[in-house]
Amino acid sequence: MQFDHIVLYSLKEFNSNKEKEGYFPKDGHVINVFLSSNTGTNRVAVGFKK
1 MQFDHIVLYS LKEFNSNKEK EGYFPKDGHV INVFLSSNTG TNRVAVGFKK
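Quick note on numbering: my numbering labels position 18 of the sequence shown as 18, and the sequence is numbered without any gaps.
The set of hints was computed from the structure by calculation and includes no laboratory data.
Glycine is no exception: its CB is placed at the ideal position from the N, C-alpha and C atoms.
Not one of these hints is a red herring.
Derived lysine-lysine pairs resembling DSSO-like cross-links, with alpha carbons at most 30 Å apart:
| id | residue 1 | residue 2 |
| --- | --- | --- |
| 1 | K20 | K49 |
| 2 | K12 | K50 |
| 3 | K26 | K12 |
| 4 | K50 | K20 |
| 5 | K18 | K50 |
| 6 | K49 | K18 |
| 7 | K26 | K50 |
| 8 | K49 | K12 |
| 9 | K49 | K26 |
Estimated spans, in silico, between C-beta atoms of each pair:
| id | residue 1 | residue 2 | range |
| --- | --- | --- | --- |
| 10 | Q2 | T39 | 28 to 34 Å |
| 11 | T39 | D4 | 26 to 32 Å |
| 12 | D4 | S37 | 31 to 37 Å |
| 13 | Q2 | F24 | 18 to 24 Å |
| 14 | N38 | L8 | 14 to 20 Å |
| 15 | M1 | S37 | 28 to 34 Å |
Using the sequences and the hints, build the whole thing.
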């Protein structure tokens with residue numbers, strides 16, 4: 001799948017559907033989830049098509 005824009009959200013931002021860079025996470029497609037217990041970096045990659 002080809003995406004025009006990809007945004008990385010924290011899990012907290014994703015779950016609360018917070019806007020970032022003009023995009024809401026629930027309007028896109030989840031591409032990948034990065035979970036790290038060592039660094040506390042929990043991110044969700046979401047792709048958007050125009």
